[in-house]
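Got chain A sorted already, so can you dock chain F onto it with the hints?
So the protein sequences, as listed, match chains A and F. Oh and the first sequence: position 237 is 237 in our numbering, straight run, nothing missing. Oh and the second sequence: position 420 is 420 in our numbering, straight run, nothing missing.
If you're looking for bench data, these hints aren't it; they were derived computationally from the structure. There's no promise every hint is true.
Listed next, the in silico DSSO-like pairs over lysine-lysine satisfying Cα-Cα at most 27 Å (straight line) [said to hold, decoys possible]:
| hint | chain 1 | residue 1 | chain 2 | residue 2 |
| --- | --- | --- | --- | --- |
| 1 | F | 321 | A | 126 |
| 2 | F | 382 | F | 335 |
| 3 | A | 126 | F | 335 |
| 4 | F | 218 | F | 428 |
| 5 | F | 376 | F | 358 |
| 6 | A | 126 | F | 137 |
| 7 | A | 126 | F | 358 |
| 8 | A | 126 | F | 142 |
The structure presented is a predicted model; accordingly, all values stated were derived computationally and were not measured.
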Amino acid sequence: MGKKSNPLTLLASLWRDHSYIFVFIVILIVYAITIQVNGNSFGGGHVSSILSSQNTVIVGTMAIGMALVIITGQIDLSIGSSLVLCTGVTIIAFNVTNNIFITIGAALLCGLLLGAVNGVLAAYAKIPPFIVTLGTMLIYRSLALWGVRAVDPEISGSSSSQFAMSSDNSMYDLMRMQFGTNSLKLAGFSIPFVTILFLVCLVLFVVIARNTKYGKAVYAVGSNARAAHLSGVGVQWIQCSVFMVTGLLVGVASVIQACKVGNITPASSGRAYEMYAIAAVVLGGIAMSGGRGNMLGVLFGALSYAAIDFIIVSIPALSADIQDTFQGLVLILVILVQTAGPAIKEKFVGRRRQAAT
Amino acid sequence: MGILKMEGVSKSFDGNQVLKNVDFFVETGEIHALLGENGAGKSTLLNILAGVLQPDAGSITFAGKSYHNPSIKQMERAGLAFVHQELNVVNDLSVAENIFFNRELTYPLGLLRKKEMLQLTGELFATLGVEMDPAQKVAELKTSQKQLLEICRALHTDAKLMILDEPTTALGNDEVEHLFSILRKLKADGKSFIFVSHKMPEVFQLADRYTVLRNGEKISTGRVADATPLTITTDMVGEKYAAKDVYLPRVFGEPVLELEGFSGQGFRDVNLIIRKGEVVALTGLAGSGASELMQTMFGALPSSGGSIRVSGEEVRGGIGKFMRRQVGMLPTNRKENSVIPDQSVLENEYLAEHNLSKAKLFINRGWETNRYQALKELLGIKAQNPGDAVTSLSGGNQQKVFFARWLNTDVDILLLDNPTQGVDVGAKEEIYGLILALAGQGKTIIINTLEIPEIKKVSDRCVVLYAGDVVAAFDHDDINERDVMLYSTNAVNAEKGK
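Here chain A stands alone, though its shape is the one from the complex (with noise of 0.2 Å):
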């Protein structure tokens, strides 16, 4: 054991931990390498276009709570529709009454309920998370698709069957123009702002995770529950209080898609996004069966996700109805990797030592 550090063990320990930013680099340089082959080169903008790409900062900040999620070893399917209800709310709320502070509270208000229902039915009623969500999802959504026919087009913002921030309103240009599509430029390297309030989100809750008592007992109980219970901690409310931080984060993520996208179609938007949180967290090296993973992995699988995405849309040979196909691929590539690895290791190293003797 008594092995110096030198570069190798670093290098091998940094892999252990933090495996997602090797996955990220790889990706990056495929990336990078496909820009090239289109005969362009590849700088700056591009990585600017990842920074600010939907699946980085929507699903991105919804990620973050679907990671605490799956921590304590549960999983939430509604968050695509908890995003198109909470955004119809959200932008009803902007176009009524034009105060940004009531915009944002009712963005957040809405996403609590919206995760509190799922938490209080998983933790407490004790129904599968799996089913509480999957039925939710169906709720959430179908919610969504009723309120944009039921509500005037005045209010609604737009009459095509969607919500439209209305740019009647004298807040539009400052929630629009200055927040949602506009950058931070610093040192010749633009950030869009709703990128950079996901990373706040991001910090945020990786100083939760890990120097907070509540984020140490989130682990605690997806690692075993039952010796988390005996040692105090409220499992049930650990388990509920997940889903309601995922509702807040779903309403951060409302208030980017109306500052950003500045509508939302209930019929199409915010499709599959809960597998594609999914995707980010697992692609974050956070395990599915719970107890283990670093929030900091969802930064990097988002980001990879999302790039993997500008991956499969600059190959002109792959149509769009193939895309899905590719991308599925890289996801379980990926994973495949990440578990099967330390398996063939072992098997290997095994093997040896077999040998040895």
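Leaving out everything else, chain F in the frame of chain A:
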């Protein structure tokens, strides 16, 4: 000619010899009681017989054939059936489907011959005198019926020798009687049984012969009719020398824990007053309710009657309520109930404390690490650094971490449920020393254990439970293995009845 002959069987685990040259013979058509304390080597011997473990030395002759390192399948085919203590029936299938499980009668293409299986099951039950509906779902059966079902399944495989590992733990008196009458009938038909039980009255009711193991050695064997509960108990316990005694009498303070008519799952009407600084042992065999009593005293199981007062105030509710009254519990079965496998030593150690200091949201890592160092010294935890995975520690060191988990919360009353389970001898001694040191500091400790030498070493008082009732209490000087064993197996009543 006997059905089973095991000769000179030895077995070691990691250099620790658990069976020493053991001979074990079972005659055809008898019920043979295999007796011994926990850790005497019964399970190891039976697992070797069943082909689960391989012996280091020795031979097995079963039904006229000798076996060398047999496999589980081989022994099954030869006519051995192992009815385990924990039930292995499939709840979602019918009674008949369980009887034929994995041996289903089928038509070509694998379609089941359901009618035939129901009929055959009915016939089997009729010959055994078992009243059960072959078509009933197993989930709807009582525990005793499931036990019977499992025995029937073994019989259906045409087993010649059946191992019954504590078959009566889950049964009521009438059900035990019924089971015994069936066993006697089967015995008359020439079937043989190995009967493992901790309940002395049952042994004398049912068994023809017995064998006692102690510390991996065969101590005695003979006809039950020639023995008494007292002689057998003495054989089981032996003249154990107490290793160096660290116990010293202490002066106790005010009563800190008062149970009045306290009842719950598996125990009833317990009255107990425990004083500050006292070490009280609860003991009793599986099913005695001792562990359940302890869990209920911590709010981990609901109480169904009576009251519990901690430092003079009645406590009702769950674990949190008891923790705020400075009660802590180190649960039994460390892996299932204590270890957070994905967290570090430090995180595991602070899990309980965090719940009491929730108002401070953030973790003060420097302060926690300092306290960790102090507790590490006190408890002698052998860990490289606090960030190591808790699973990298040995069983004994893990257990010390969980002691620290509660010492961190400044407990006044510490409940220890089987604290030396899966801990090696050296660490055991350390834990005993620790218990006495804590008691010396004024902590009140209640320990639930089956190991009587352990009780003698640390406790001021020993409370014995049998089938949910407190049946005896001994002061430190009166604690001896034989008497405690007599009460926990209810041999006292068997002796009286004789």
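Taking the hints in turn, this is what the structure says about them:
1. Between residue 321 (chain F) and residue 126 (chain A), the direct Cα distance comes to roughly 23 Å. Compliance with the 27 Å bound is thereby established for this hinted pair.
2. In summary, the hint linking residue 382 (chain F) to residue 335 (chain F) is supported, as the alpha carbons are separated by about 19 Å, within the 27 Å threshold.
3. Distance hint between residue 126 (chain A) and residue 335 (chain F) is fulfilled; the C-alpha atoms sit about 24 Å from each other, no more than 27 Å.
4. About 25 Å separates the Cα atoms of residue 218 (chain F) and residue 428 (chain F), which keeps this hinted pair within 27 Å; it holds.
5. Distance restraint check for residue 376 (chain F) and residue 358 (chain F): the Cα-Cα separation of roughly 24 Å lies within the 27 Å cut-off, and the hinted pair is therefore satisfied.
6. Distance hint between residue 126 (chain A) and residue 137 (chain F) is fulfilled; the C-alpha atoms sit about 25 Å from each other, no more than 27 Å.
7. For the hint pairing residue 126 (chain A) with residue 358 (chain F), the CA-to-CA distance comes to about 25 Å; that is within 27 Å, so the pair holds.
8. As the CA atoms of residue 126 (chain A) and residue 142 (chain F) are separated by approximately 26 Å, the hinted pair is consistent with the 27 Å bound.
Checked against the numbered hints given earlier, this structure breaks none of them.
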